[in-house]
Amino acid sequence: RKTGDAVAIKVMSLEKEESGVEEIRQEIGVLSSCLHPCIIRYRGTLVQGSRLWVIMDYCSLGSMRKLIVSVRL
67 RKTGDAVAIK
77 VMSLEKEESG
87 VEEIRQEIGV
97 LSSCLHPCII
107 RYRGTLVQGS
117 RLWVIMDYCS
127 LGSMRKLIVS
137 VRL
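According to this note's numbering, the stretch in the sequence shown is residues 67 to 139, in order.
Accuracy of the hints is not assured; some may be wrong.
Stated by the list, open to error - Okay, derived cross-link-like pairs now, SDA-like style, lysine to any residue, Cα gap no bigger than 20 angstroms in a straight line:
1. 82 <-> 71
2. 76 <-> 116
3. 132 <-> 70
4. 132 <-> 89
5. 132 <-> 68
6. 82 <-> 100
7. 82 <-> 113
8. 68 <-> 116
9. 68 <-> 89
10. 76 <-> 91
11. 132 <-> 114
12. 82 <-> 124
13. 68 <-> 95
What the hints assert, rightly or not - Label-pair ranges, simulated between beta-carbon atoms:
14. 103 <-> 81: 16 to 26 angstroms
15. 103 <-> 82: 27 to 37 angstroms
16. 81 <-> 102: 17 to 27 angstroms
17. 82 <-> 104: 18 to 28 angstroms
18. 132 <-> 102: 15 to 25 angstroms
19. 102 <-> 82: 17 to 27 angstroms
Calculated directly from the structure, the hints in this document are not laboratory data. Note that the coordinates shown come from a computational prediction; the quantities given were computed from them, not determined experimentally. From the three backbone atoms N, C-alpha and C, an ideal C-beta is built for every residue, glycine too.
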């Protein structure tokens, strides 16, 4: 809200996503290490109770997680 930039917020239950926690870590690692104008920017992570909030620039092509999985195939 402070900057007025469009962002995407992915909210996940850490209890329900136990099997995908490593993929979530990889996604955050990739996003936080990419500093290029053509790649969506990772803005931060918040944990509230058992919910994880990942904040990043809005990308109309979908999530980095889906892109990472499709590259592995």
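Do the hints match the structure? See the list:
no. : hint                            : in the structure
1   : 82 <-> 71                       : 30 angstroms, violated
2   : 76 <-> 116                      : 14 angstroms, holds
3   : 132 <-> 70                      : 26 angstroms, violated
4   : 132 <-> 89                      : 10 angstroms, holds
5   : 132 <-> 68                      : 29 angstroms, violated
6   : 82 <-> 100                      : 28 angstroms, violated
7   : 82 <-> 113                      : 14 angstroms, holds
8   : 68 <-> 116                      : 26 angstroms, violated
9   : 68 <-> 89                       : 30 angstroms, violated
10  : 76 <-> 91                       : 13 angstroms, holds
11  : 132 <-> 114                     : 24 angstroms, violated
12  : 82 <-> 124                      : 24 angstroms, violated
13  : 68 <-> 95                       : 25 angstroms, violated
14  : 103 <-> 81: 16 to 26 angstroms  : 37 angstroms, violated
15  : 103 <-> 82: 27 to 37 angstroms  : 35 angstroms, holds
16  : 81 <-> 102: 17 to 27 angstroms  : 34 angstroms, violated
17  : 82 <-> 104: 18 to 28 angstroms  : 33 angstroms, violated
18  : 132 <-> 102: 15 to 25 angstroms : 19 angstroms, holds
19  : 102 <-> 82: 17 to 27 angstroms  : 32 angstroms, violated
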